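Chain by chain, the residues run as shown.
Number of protein chains: 2
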Amino acid sequence: MAGQVRPVMSNSCSERERYRSMVLCSLSAFALSTPLGHVRKYLMKALKAGLKSHNMMMGPAGKHYGDLKVMSGLFLVTCLQDGSEDLTFHYWALFDGHAGSGAAVVASRLLHHHVALHLQEVMEILCTPNLPPPTCLEEEPVNHLLTTTSNRALTRAASLRGAAGAPGSPNTPPTRFFTEKKVSQESLVIGAIENAFKDMDVQIEKDKATYDISGGCTALMVLYLQGNLYVGNAGDSRAIIIRAGEVIPVSAEFTPESERQRLQFLAYMQPHLLGNEFTHLEFPRRVQRKEVGKKMLYRDFTMSGWAYKTIDEDDLKFPLIYGEGKKARVLATIGVTRGLGDHNLKVHDSNIYIKPFLSCCPEVKVYPLSQWEHKADDVLVMGTDGLWDVLSNQEVSEAVTSFLANCDADDQHRYTMAAQDLIMRARGTLKDRGWRISNDRLGSGDDISVFIIPLMYANKQT
Amino acid sequence: MAGQVRPVMSNSCSERERYRSMVLCSLSAFALSTPLGHVRKYLMKALKAGLKSHNMMMGPAGKHYGDLKVMSGLFLVTCLQDGSEDLTFHYWALFDGHAGSGAAVVASRLLHHHVALHLQEVMEILCTPNLPPPTCLEEEPVNHLLTTTSNRALTRAASLRGAAGAPGSPNTPPTRFFTEKKVSQESLVIGAIENAFKDMDVQIEKDKATYDISGGCTALMVLYLQGNLYVGNAGDSRAIIIRAGEVIPVSAEFTPESERQRLQFLAYMQPHLLGNEFTHLEFPRRVQRKEVGKKMLYRDFTMSGWAYKTIDEDDLKFPLIYGEGKKARVLATIGVTRGLGDHNLKVHDSNIYIKPFLSCCPEVKVYPLSQWEHKADDVLVMGTDGLWDVLSNQEVSEAVTSFLANCDADDQHRYTMAAQDLIMRARGTLKDRGWRISNDRLGSGDDISVFIIPLMYANKQT
Chain A
1 MAGQVRPVMS NSCSERERYR SMVLCSLSAF ALSTPLGHVR KYLMKALKAG LKSHNMMMGP
61 AGKHYGDLKV MSGLFLVTCL QDGSEDLTFH YWALFDGHAG SGAAVVASRL LHHHVALHLQ
121 EVMEILCTPN LPPPTCLEEE PVNHLLTTTS NRALTRAASL RGAAGAPGSP NTPPTRFFTE
181 KKVSQESLVI GAIENAFKDM DVQIEKDKAT YDISGGCTAL MVLYLQGNLY VGNAGDSRAI
241 IIRAGEVIPV SAEFTPESER QRLQFLAYMQ PHLLGNEFTH LEFPRRVQRK EVGKKMLYRD
301 FTMSGWAYKT IDEDDLKFPL IYGEGKKARV LATIGVTRGL GDHNLKVHDS NIYIKPFLSC
361 CPEVKVYPLS QWEHKADDVL VMGTDGLWDV LSNQEVSEAV TSFLANCDAD DQHRYTMAAQ
421 DLIMRARGTL KDRGWRISND RLGSGDDISV FIIPLMYANK QT
Chain B
1 MAGQVRPVMS NSCSERERYR SMVLCSLSAF ALSTPLGHVR KYLMKALKAG LKSHNMMMGP
61 AGKHYGDLKV MSGLFLVTCL QDGSEDLTFH YWALFDGHAG SGAAVVASRL LHHHVALHLQ
121 EVMEILCTPN LPPPTCLEEE PVNHLLTTTS NRALTRAASL RGAAGAPGSP NTPPTRFFTE
181 KKVSQESLVI GAIENAFKDM DVQIEKDKAT YDISGGCTAL MVLYLQGNLY VGNAGDSRAI
241 IIRAGEVIPV SAEFTPESER QRLQFLAYMQ PHLLGNEFTH LEFPRRVQRK EVGKKMLYRD
301 FTMSGWAYKT IDEDDLKFPL IYGEGKKARV LATIGVTRGL GDHNLKVHDS NIYIKPFLSC
361 CPEVKVYPLS QWEHKADDVL VMGTDGLWDV LSNQEVSEAV TSFLANCDAD DQHRYTMAAQ
421 DLIMRARGTL KDRGWRISND RLGSGDDISV FIIPLMYANK QT
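First to last, the sequence lines map onto chains A and B. So the first sequence is residues 1 to 462, counted in the UniProt record's numbering. So the second sequence is residues 1 to 462, counted in the UniProt record's numbering.
These are calculated hints, taken from the structure and not from any lab test. Note that this is a predicted model, so its numbers are computed, not measured. Treat the hints with care, as some may be off.
The list treats identical chains as interchangeable, and a pair is accepted whether it falls inside one copy or across any two copies.
[As the list claims (entries may be wrong)] Calculated cross-link-like contacts (lysine-lysine; reagent style BS3-like; alpha-carbon spacing at most 25 Å):
(1) Lys346 with Lys309
(2) Lys346 with Lys431
(3) Lys375 with Lys206
(4) Lys327 with Lys181
(5) Lys198 with Lys346
(6) Lys365 with Lys309
(7) Lys182 with Lys309
(8) Lys327 with Lys182
(9) Lys309 with Lys206
(10) Lys198 with Lys431
(11) Lys317 with Lys181
(12) Lys181 with Lys290
(13) Lys309 with Lys181
(14) Lys309 with Lys198
(15) Lys182 with Lys317
(16) Lys290 with Lys182
Work the whole structure out from these sequences, hints included.
The structure is reproduced here in structure tokens:
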């Protein structure tokens, strides 16, 4: 896989280079599922793309840890089925690597492929939005070319014929025997994204046997399909929409603090995962041996508040969640609780695996893009934690809005420059007391990646 | 326990009767922890209560299932410690019983007692709000009179002396060896409420050996302490604040649908809890044998969206979560996922226990009452699901606001009448096509209990 690093890295360079890398990605992404003719067709679409993306990235100010941010620029991915409609989606993604770059690179090349595979399963259903998805589809042969559990879509007619309980289905049992839950078209796209993340994580685990795929990565991806923006997030990157200067958060971060209760509950259910070295209880600080028998503040997975407990020997173990804010760690090792990879990650000098506590499942939020008329300065901002650690949503919104207002409306590079401006604001300037940003606050020492995606191009697409 | 039902039931009658029942409750509540002198003192306080509560309740319109709503009216509970300050809190609670009245009755008599016990532990800390809670308290002997793990508060001086790492503590380790999380006073109250619910549930389980405590109940409790309203909720009752006609939700319901992913995750972790008769997967309807091998919509604990899976034999089992809205059930048995009791509840005609899936842990939300100047028509509304099933927050807000506006401002019974009006709106009137409410919608067939608590009396208390 190492040889594939360069073209993907070029995602973060010029638009031309990004498209070239996209071609490479698309070939690797579609070689499995669609003949080359389709790829060519999808390429032409890509070059005529209505939506454009503009991004910047910058390495760490301090020493480099061999980690990597990878950005997947604008992809136009078309799922094709002979003799039926296309389904084209726009895709952007941000992968923040840690403990090596392998997982981030692989995910940047293949996640959109897994999304396409899962969307392909429901493509014909999505292409007839006036009909609700059938609860049951006709049985079908397994396609051994593909890795996912279920493989290709059916003709709409066949799916309806086979849909027990669906309107007009011949084998509909009397409705009094069961109620049937209505499922929306949007929820099929959400499910496709959720399962794509899972398949991506499984593939990384499998491919580690063949390739050197190091470390893990967070994943933040945005998909534009049929008038909706779908934002899938597994990690501590963040996406916000700025509309008429107003901030609309479209993702939430997953950290040891935000997921404390999920992690503590898992450790409580499966204590062997703690290897007899950690406790699932949280304390405000390390317990000291001389404090055994005294009362100390604690909380378990059932509590959001705090109470006092009498300290016993078990409480001397290291806490599952320890540290505050950016210093918070799971099993004293990792500061983010969702993402891809990390299958081999262990607690230092032990046989305790971190992976069981990490989730590869994204939270997917939907923004109804086509329900709003967006202006030239309305944008989607995607950024890694390096940006958001030092700038608030409001500060980012004000920076972007004021920057774009001062640009020539016809300048094709204004969004790219706005992204660059954001990164400079977050990095700050080197003074005698280190990197400083506004109000003399400390600048970000982490590496920083930013997408700024104008939303106005979607207006005419709906 | 059956003999104790009547006085508690009278909570829902006149104010005088409610206070009388409160005395009985208070005696049973404090017999364990404080001498009668304290009870007498607390009683006098109660009768001079600044805050008043007004509530109404009504039985089911249809046939009665032997369930019971129990309302704990205004209690003033004072935790006393010889030679130190009092800590007095106001308390209201609503318990919605099912499968018998025992748990609801016991909880209405004792939950505030458990809250008092836990607040007593941190009383002196709460009485010095200018100091942050110490991380560690001095060791102390166990008081065998009480059932909770830790039993009585320390003098402030002792707690500070013993607080390793606390400001000015003699045995403070160098701070570079650990970071210390700051814990707020409010979070101690939240922790006290959370542990009080757990202790209440444990006591119900224990006392079942001695008394006939039937069924289970939801619990919604409101505690007013030091300028804050703490709303603890375990179940599907709801509390909202109406301020200047605006609705402020202060609780969220726990149902099979709202807690689907928690329940599916538990079943996935501990499949034996499903007794080989249920599947943790969710389907839009029951799977039929003839559909094995076909594809059907499903979702697991990782998904909020839906996808298709190939149906196998295992999917023919009954779903852990089944049904929609008010018909949704856990293990085909219960429609609410948090509350007290239910320790013996099993799936009909099986040995599968429901309790492992039920949580007795409340979600506690804090409303900073003293930060607002409340008018005469600003109220807290607590209601059981019977009310909220048929009336929206907005409808309740408009009904209460318009009703109070049409009352004489000096009428002491206006809140009681407003509660009565709400219940009548939710029940509706009997027409030839059943009980009907506004817009000819179906009225609530469930029993309905409502508290309306004016907030203006808190103004002068802060």
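Against the structure, the hints come out as follows:
no.	hint	in the structure
1	Lys346 with Lys309	neither (30 Å within a copy, 33 Å between copies)
2	Lys346 with Lys431	neither (38 Å within a copy, 68 Å between copies)
3	Lys375 with Lys206	neither (45 Å within a copy, 64 Å between copies)
4	Lys327 with Lys181	between (44 Å within a copy, 12 Å between copies)
5	Lys198 with Lys346	within (21 Å within a copy, 35 Å between copies)
6	Lys365 with Lys309	between (39 Å within a copy, 23 Å between copies)
7	Lys182 with Lys309	between (47 Å within a copy, 17 Å between copies)
8	Lys327 with Lys182	between (44 Å within a copy, 15 Å between copies)
9	Lys309 with Lys206	between (45 Å within a copy, 22 Å between copies)
10	Lys198 with Lys431	neither (45 Å within a copy, 54 Å between copies)
11	Lys317 with Lys181	between (47 Å within a copy, 18 Å between copies)
12	Lys181 with Lys290	between (58 Å within a copy, 20 Å between copies)
13	Lys309 with Lys181	between (46 Å within a copy, 16 Å between copies)
14	Lys309 with Lys198	between (39 Å within a copy, 14 Å between copies)
15	Lys182 with Lys317	between (48 Å within a copy, 21 Å between copies)
16	Lys290 with Lys182	between (59 Å within a copy, 21 Å between copies)
In summary, the numbered hints that this structure violates are 1, 2, 3 and 10.
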